[in-house]
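Here are the chains, one letter per residue:
4 protein chains.
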Amino acid sequence: MGYILEEEKVFKDPVHKYIYVQDETIWNLINTKEFQRLRRIRQLGTTYLTFHGAEHSRFSHSLGVYEITRKIISQFERSHYPDWPKEEKLVSLCAALLHDLGHGPFSHSIEEVFETHHEEWTCRILLEDTDVNRVLRTVSDDFPQRVASVICKTYDKPIVISLVSSQMDADRMDYLLRDAYYTGVNYGTFDLDRILRVLRPYQGRIVVKESGMHAVEDYLMSRYQMYWQVYFHPVTRSSEIILRQIFRRAKEIYMKGYNFQMLSKPFRMMFEGSLTVDDYFQLDEALAQTVFMQWAEEQDEILSDLCKRFMHRRLYKYITMDEKDETLWATIRQQFETAGLHPDYHLEIDFPFDLPYDVYRPGKIGSEEKPPILLLCDQDQLVEISEKSDIIRSITGLHLGKYHLYYPEEKLSEKAHLIDPEIRKLFGMA
Amino acid sequence: MGYILEEEKVFKDPVHKYIYVQDETIWNLINTKEFQRLRRIRQLGTTYLTFHGAEHSRFSHSLGVYEITRKIISQFERSHYPDWPKEEKLVSLCAALLHDLGHGPFSHSIEEVFETHHEEWTCRILLEDTDVNRVLRTVSDDFPQRVASVICKTYDKPIVISLVSSQMDADRMDYLLRDAYYTGVNYGTFDLDRILRVLRPYQGRIVVKESGMHAVEDYLMSRYQMYWQVYFHPVTRSSEIILRQIFRRAKEIYMKGYNFQMLSKPFRMMFEGSLTVDDYFQLDEALAQTVFMQWAEEQDEILSDLCKRFMHRRLYKYITMDEKDETLWATIRQQFETAGLHPDYHLEIDFPFDLPYDVYRPGKIGSEEKPPILLLCDQDQLVEISEKSDIIRSITGLHLGKYHLYYPEEKLSEKAHLIDPEIRKLFGMA
Amino acid sequence: MGYILEEEKVFKDPVHKYIYVQDETIWNLINTKEFQRLRRIRQLGTTYLTFHGAEHSRFSHSLGVYEITRKIISQFERSHYPDWPKEEKLVSLCAALLHDLGHGPFSHSIEEVFETHHEEWTCRILLEDTDVNRVLRTVSDDFPQRVASVICKTYDKPIVISLVSSQMDADRMDYLLRDAYYTGVNYGTFDLDRILRVLRPYQGRIVVKESGMHAVEDYLMSRYQMYWQVYFHPVTRSSEIILRQIFRRAKEIYMKGYNFQMLSKPFRMMFEGSLTVDDYFQLDEALAQTVFMQWAEEQDEILSDLCKRFMHRRLYKYITMDEKDETLWATIRQQFETAGLHPDYHLEIDFPFDLPYDVYRPGKIGSEEKPPILLLCDQDQLVEISEKSDIIRSITGLHLGKYHLYYPEEKLSEKAHLIDPEIRKLFGMA
Amino acid sequence: MGYILEEEKVFKDPVHKYIYVQDETIWNLINTKEFQRLRRIRQLGTTYLTFHGAEHSRFSHSLGVYEITRKIISQFERSHYPDWPKEEKLVSLCAALLHDLGHGPFSHSIEEVFETHHEEWTCRILLEDTDVNRVLRTVSDDFPQRVASVICKTYDKPIVISLVSSQMDADRMDYLLRDAYYTGVNYGTFDLDRILRVLRPYQGRIVVKESGMHAVEDYLMSRYQMYWQVYFHPVTRSSEIILRQIFRRAKEIYMKGYNFQMLSKPFRMMFEGSLTVDDYFQLDEALAQTVFMQWAEEQDEILSDLCKRFMHRRLYKYITMDEKDETLWATIRQQFETAGLHPDYHLEIDFPFDLPYDVYRPGKIGSEEKPPILLLCDQDQLVEISEKSDIIRSITGLHLGKYHLYYPEEKLSEKAHLIDPEIRKLFGMA
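Protein chains in written order, with UniProt numbering: chain A, 1 to 430; chain B, 1 to 430; chain C, 1 to 430; chain D, 1 to 430.
Hints were generated in silico from the structure; no laboratory data involved. Source: prediction; values computed, not measured. Incorrect hints may have been included.
When chains are identical, the list treats them as one kind, so a pair holds in a single copy or across two.
Stated by the list, open to error - Computed list of lysine-lysine pairs in PhoX-like fashion (alpha-carbon distance at most 20 Å, straight line):
no.: 1; residue 1: K388; residue 2: K12
no.: 2; residue 1: K17; residue 2: K71
no.: 3; residue 1: K86; residue 2: K157
no.: 4; residue 1: K33; residue 2: K317
no.: 5; residue 1: K256; residue 2: K209
no.: 6; residue 1: K388; residue 2: K71
no.: 7; residue 1: K388; residue 2: K89
no.: 8; residue 1: K402; residue 2: K251
no.: 9; residue 1: K157; residue 2: K415
no.: 10; residue 1: K209; residue 2: K415
no.: 11; residue 1: K86; residue 2: K308
no.: 12; residue 1: K33; residue 2: K411
no.: 13; residue 1: K402; residue 2: K209
Isolated chain A, as found in the complex (with noise of 0.2 Å):
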């Protein structure tokens, strides 16, 4: 089961405060240095692109995702709920702190155009030769795959994964404050205290007692509203679409042969989708933003062209569309081609429902995929939660995204005069 600190460590955190380290192994473990890296990826990818303050890393988060569980775990261990399995506490506190140690630069972006997952990753790091396999076999040499199998969902007790992985865990409550205050928004603030009060383990599930219901309505309410201003915002999107457009231009012309004048191991490693933990180690967002720098000088004026976009913030302009039409989008990227626009890289249509977010999703009980959040009725009855609450079953079936059409301005300025008029008038040209 570990070893304890003699003296508790602790760590400054604006959004908690402070962060107690009691555990020798957790200690050891975010000083290895792939816990270190994590400083070299923020947490909200190209947002501070928008929101200038959201420059925190994953290591932040990463501790503060351990923070929520430990303070969780130790309410059930001072209640002596019985339902709690004791000796799994070290376990999840692991598996929280490292749930995230998989995460590549931009990561949204590269998994979607190098077809990774960060979750893949993780478990690598912690199953490979690496410091973090060390420290975790200092337990038990079962421990690291114990440890990824919390991360993968494939753990045999559930109510371990709830706690770091499921529609109210620890890991969203820590993102949700977190990046309401980088951002400095304030619709990402609910009670989370209250929430902690309100929560039991329950024949091996974690449910929130009755009363907390509007705890988790005012939770759900803050979810909803950082999703749509600030998730979701389409200047973050359009810098996304940048960043996903220069990993597809590198790719596809390495693959054409482009002598690239720089190329870093690992880049290359992954374009030919041959990357070793190591490689991966390398790969964080400093590589990432100087590899983008070098290129803003390639030859291809395409790659050259999206890399300045990115590191200068020229992204692309966008227009809103409220229904999906693709008869007229055929229209209108065959009128980008005539006019001499790149079809495939001029013009990108963005939908925000494909993504990796939700408001929240009722499922059904005993789901494996995304168990629902539960209250624990009459002492012992279990009621999903948007049958109970009006306003959670409101927002629970709502498509609120709009389709985005992003694109060059200026470039689409000069060639405004070979665009029809029609369409011309719906990108705000006269």
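Please build the complex by placing chains B, C and D on the supplied structure of chain A, with the hints as guidance.
Here is chains B, C and D on its own, set in the frame of chain A:
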């Protein structure tokens, strides 16, 4: 004097809530690539290794300094104070926004090792062939020079200089509040609104009306607390030392002809003392970190060890001494050398006094260098604030620093048997 | 239109930081004895018995409503919106400041029992022989009447009415923020600065520019949370019921000729329905509490018991019912009576619906009573907000209330053996 | 040792977020009528006339002191410090909760005029025939006496006394934070969590571990700022003076046989110096304000004028003098008298020094009265904090007070022509 934007632009900011841009020149300056580069320079250098939340950039800070300056001027204008020269508004706002433009990656260390000054670089960027220069010249041909002379403190209207650079200027007010916010400490908060309300332009200076004395006390107390708890934190000092040693070592071996596996052009130019503005533009913290990652694999053991320490946060430990004792230090140094440690890299004595900070120095009225904070008493008398405030007088003369000796703990442990028992005990070893 | 103060007056305020007074009329109104009386009327009535921090007065709130109104108008003036009638500034500010002047002690209960309305009293105080009237008349002879007609919603400029009284007026914005601050809950916080920035005067109304929709959603969500967690809190309802019963009982026995040991004149006049403005001025919460303290010693057992309950916080307990069931309630009432409890005082059924609050009601554009919140879309189209916002549409129709039955627990326990087992069980007794 | 509640009770608190009650004794004490009476006594007396937000009661503060004490003890227990006597928990919590029970309305003024002491009244309420006494006796027969002796500082375990009453006790920590919150100033905030973490029970005292020195500095700086900006605010002093004069005048004329139209029993008993605990229970601020409202209509002009001034906030104005000058004051007094002003009521000289506050006084180790704050250095050395901290040493000896002369401005104006020009000028009159 520049155009007003048709629609005010607004940035969400965690410290000031919102930052408002009304002038087209300001908006265009923010969008230059040189100003966007400040997103890749951290405001507090290596402090994030001590306070993990302190990951904010000079970009955010620069916007904040601009906003405070805007608020001060706007209050001067609303109150129709006759001593405020209205035609100086735009030059003041530009100087506020751009005053940190010349900061390099981890500035303080670079400046010490390479004897550069960020103010000089700021002025070069303002005056040479850059996007910033082009935007400034749209106002008038001599406008870049005017902005530069405010920043270099040679402008002929001292009131403008004192807005941007004095003992209670917009720069310090923003960084105290911002650094407190991002580190999460609450020492640095003072009542900005109240400070702004008690400032008065008066005979070419910015002074404080008498009833504002307690507000200034509160501000100086914040400064005092921040210096001792954040800016002079010994762990931050340790990381600064590592960084300085990296630069020192790299330059040293470069001069001796060491063949680097990787050495990007801006670094080479810096070693040779012939950086151009173009090179300087490349020199951001992404590049520095990428270079350090690669130097961690260099043959030179000292450089490689230092880079690993910095990147993986394996800092030097320290012991504290109340008194200066050069004889003792010489003994320690000699013993370290005998034991096989490197006397220039494995031991460093640090005293926080030689830092660009001080809590408050009264100085003389009329002094050019650091004009004191003046109270406006009985309508027309200027009194240096520490004459009136006992508490400010109390903290003015304080020398609180202690000496710290930094060293690589595990290397010293290995060699402990070669060290005199007395010295060993000093370092906490049996 | 009134004089400007030579030096702006400033009040420190926990919610808005500072409250600024520039007009002499406003300053003089604040210093009238009728406005100072509001310090002795709590903003949230009996809520301090549930949330102990909620001890703030209508004085603080009135200053807050004034300040928000001042900010809105000042933004309208700065932006030179043509649809804002500048000459209406002072009347708007006065109406904002004075709108709650007629509130009595624990208003809601008094209004219910004695069928008075605080708006009527506000207008009487504005128009009869009072210090407030004298100050208003210094502006012009018809000024008291103009201010009164804004408050009574008969003023001929609807835009002024909607500043002070609409579904998103300065009154509601202040009380949500203030009540959240003093109770200590964090549901009620929304981004006031942002709301203020999206308001526009438009064709005699105050509307919201389209991009402000999410800010309004956030505000309405806060309102929703505050209603269910603070304003409708069943413990607060319990204390309101006790209070209402005190007033009801006192009047009842007074009418029957009961000889009170102590009955101050304003109370006697209130029982007789012939209160003068002078009596009303005496009627504050200090007097009400003093009277209750003495009534606690009266011969009438019911009155004495109720007063002790209120003063020593021995409130009625409650049980909750989802559905309306008048047959069951009649049975309970009859059983209570049989057991010797008083059917009118020892049982009270409460449903939060019949309260002067609602989260949001769309209403029709142009409706006099409760004009809806309108979005200004595409420069010139007004759309009722719930047509655009799914989330607002969702909460608009919600009926979340449950029925609560309040009763004196220890009295019921004593008589439990006289009650049917089924009913007994309903009240949680064996 | 009292019983533990089956389910923890929780109060929402704006300062501490939540207040937790686990002991049945504490719960029952809170529900006594004597403790509920504290809701009708303001924490900051007349300060709400200067800072309108400061309307909070001693009820809230008492819960806060309890909560801080609970947190300190709970940290001592978690850390298993051997020097903490565990059996003292309940007596400490009760003393913390009840320490202010004996405060009357506007205590400081009443205590000065009638020479009573709230600690004495606290002990009488604990020990005589009251609900509080009955609850305490359920623990043990001598328990009321034990709690009382902690409050009177005669308890035989000094560590318990120092929790509740010392220079850094739970009382002061709560009031600084709470008064800062409700007034809205931000001087009074310090890092409570951090202070709590550095406290240690050590040899019958509570001391501070050495590394906590800066946290204590921060706390003392807050105290310094609060005293000068809130507690000693000259406008608050003005209202205290009016209040003192009301009490003084009423007693004076009562003694001379004046026939009051209204004089409630507790006031009569107070004038005669024979208050019982039952009378004292009636004596709250609701009663005081009701009585003042009626005295405003009394025949005695001085009493009537003072009461109107207090109720309608028409306070005395003041002039400030740096130096003590009794000759000058005698002249002024004599001139006032000649001009027909009352020398005892229309002129009052005030010096903030004679107040129950001080920023910090070192005192001697072992001093009974005001034990100093001690640092625990090198495991086992106790050092008085101002020996180590320059900043604390600096503020320790400061005498910042100025003399203020309070007087009724409009009365003086009327008589200005009867006053010497020199004196007139002193009072700002031509």
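Results for each hint:
1. Within a single copy, K388 and K12 get their C-alpha atoms no closer than 39 Å, and across copies no closer than 25 Å, so neither meets the 20 Å cut-off.
2. Within a single copy, K17 and K71 get their C-alpha atoms as close as 13 Å, and across copies as close as 16 Å, so both meet the 20 Å cut-off.
3. For a Cα distance limit of 20 Å, the shortest separation of K86 from K157 inside one copy, 12 Å, qualifies, whereas the shortest one across copies, 38 Å, does not.
4. In this homomeric assembly, K33 and K317 come within 20 Å of each other (Cα to Cα) only across copies, at 18 Å, whereas the closest approach inside a single copy is 39 Å.
5. Taking identical chains as interchangeable, the C-alpha atoms of K256 and K209 are never at most 20 Å apart, the minima being 59 Å within one chain and 50 Å between chains.
6. Proximity of K388 and K71 under a CA criterion of 20 Å is satisfied in neither setting, with 27 Å inside one chain copy and 36 Å between copies.
7. Within a single copy, K388 and K89 get their C-alpha atoms no closer than 32 Å, and across copies no closer than 42 Å, so neither meets the 20 Å cut-off.
8. With identical chains, the CA atoms of K402 and K251 are never at most 20 Å apart, being 30 Å at best within one copy and 55 Å at best between copies.
9. Taking CA atoms no more than 20 Å apart as the test, K157 paired with K415 passes in neither setting, with 61 Å inside one copy and 48 Å between copies.
10. Proximity of K209 to K415 under the C-alpha cut-off of 20 Å is found in neither arrangement, the shortest distances being 61 Å within a copy and 33 Å between copies.
11. In the homo-oligomer, the alpha carbons of K86 and K308 never lie at most 20 Å apart, since the shortest distance is 53 Å inside one protomer and 38 Å across protomers.
12. For a Cα distance limit of 20 Å, the shortest separation of K33 from K411 across copies, 19 Å, qualifies, whereas the shortest one inside one copy, 44 Å, does not.
13. In this assembly of identical chains, the alpha carbons of K402 and K209 lie at most 20 Å apart only when taken from different copies (19 Å versus 36 Å within one copy).
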